[in-house]
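Enquirer: With these hints in hand, go ahead and build the complete structure from the sequences.
All residue numbers for the sequence shown refer to our numbering, where the first residue is 11 and numbers rise by one.
A few of these clues could be false.
[Unchecked claim] Restricting the straight-line Cα-Cα distance to at most 20 Å, the calculated cross-link-like pairs of lysine to any residue (SDA-like) are:
no., residue 1, residue 2
1, LYS364, GLU283
2, LYS28, ARG13
3, LYS130, GLU209
Because the hints were derived from the structure by calculation, they are not lab data.
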Amino acid sequence: MLRQLEPLTRFLNRPSSKIRQLASWFLADIAGSFTPPSRLIRSSEALAEVLDLWGDVVIKRPNSTQGRGVSRLRRSGRAVQLSQGLREVETFPSLEPVMGLIGDVSEEWLVMPFLSGTCKGDKRVLVVDGEVIAGYRRRSRSGHWINNVSFDAACELEAVSEDERCVVASTAPSYRSMGMRVLGYDFLTGDRGEPVVSEINVGNIGGFSRVTDLGGPDAMQQLLGWMRLFGQSEGDLLIESAQTHHAAAMAAIYQQSVDQGGVTMDAGLITAESFRQRLSACGERSGFWVLTLGGEVLGWTELRAYSPRWGYRFTAETSTYVHASARGRGLGSKLQGFVIGQAREMRYRHLVAKVVSKNDQSVAFHLRHGFEHVGIQKEVGFLGNSWHDVVILQCLLV
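Expert: Here's what the structure looks like:
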């Protein structure tokens with residue numbers, strides 16, 4: 011519902027991005043170097059494998075919150091012990107009867123080893139638009155492994171460490187590039203005493219007033235002050251070289267076209283890691299550029315060599331994609347004009363664009379920007395149980 015309003019209004023946290031970050035794979039894609047080891051599983055066999063590997067695991071279902079949708083599972087001899095919420099620990103002779111109590115494994119569960127440091131509680135760090143506001147620790151009064159205020163956790167104000175600030179500095183820009191600006195980081199204590207990320211929550215409004223109640227700064231007023239500034243100015247549209255922290259937003263935008271069908275020959279999940287690899291592979295006469303507004307990526311464009319063969323050194327290919335909510339505002343044209351200018355500066359003479367023939371809008375877009383139709387590759391792509399033709403367009407930079 012809210013996602014449909016994105017073309018009409020600004021959000022502190024973009025709904026379509028919030029939906030994407032709920033997926034079990036998302037946290038590791040953005041912050042994997044700061045999380046415990048983890049596995050994504052879709053079967054009882056996969057769960058049995060990680061349970062044998064780690065012995066004591068925490069299972070998180072998609073969109074788990076406030077300790078709900080989170081289970082702890084551990085081996086006890088040949089038996090299996092299950093802990094969920096404040097219910098008593100249950101013991102089962104095998105894994106099979108446990109599966110249904112946890113949920114539907116086909117939705118994909120995130121499984122991590124249980125950390126002994128969990129008994130020290132978890133640390134909530136509040137972040138607004140990349141700025142660390144405050145932190146506080148939550149610890150179960152009863153010694154339970156779930157440290158959540160909705161259960162029985164007590165809270166105390168705690169300074170944010172330099173290590174935790176480094177984690178925020180390394181990951182918050184990726185969230186910001188996707189239009190997610192109000193964040194609640196949850197840190198646990200790793201086996202070496204280091205902070206590790208267990209969750210990055212989007213839109214944790216409740217924690218701001220709690221900081222003040224604990225005797226800390228007026229975090230809610232800081233949030234409201236930032237919201238006023240955010241609402242008063244959108245910022246300037248900028249086109250800049252894509253950086254690694256833009257990869258998550260670029261992947262999300264490209265995912266929209268993949269899911270739409272008939273736009274690209276890619277299929278399946280597009281991750282930030284795949285775009286980080288593409289960015290790192292850019293050669294001297296190639297590149298990615300993003301169009302941003304207030305730090306949020308609304309579109310991207312690519313220029314790449316047509317072929318590594320020497321005779322094609324003056325020929326390049328282009329691709330341009332715009333967020334679904336930002337289409338129809340001329341942003342694609344800004345990016346296309348920019349990338350053509352970059353091609354001239356890099357001494358390219360001939361540009362090529364390949365467009366799935368059913369994508370009439372893209373064909374018309376390229377024709378408006380000086381490309382001409384030069385041919386069709388018949389049934390060159392197979393996707394969605396159908397063969398697809400691809401239109402070849404060219405633009406001579408003379």
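Enquirer: Is the Cα-Cα distance between LYS364 and GLU283 20 Å or less?
Expert: Distance ~24 Å between LYS364 and GLU283 Cα, so the pair is violated.
Enquirer: Taking 20 Å as the top limit, are the C-alpha atoms of LYS28 and ARG13 close enough?
Expert: holds (10 Å)
Enquirer: Would the pair LYS130 and GLU209 pass a check requiring their Cα atoms to be no farther apart than 20 Å?
Expert: holds (16 Å)
Hint violations for this structure: number 1 only, all remaining hints satisfied.
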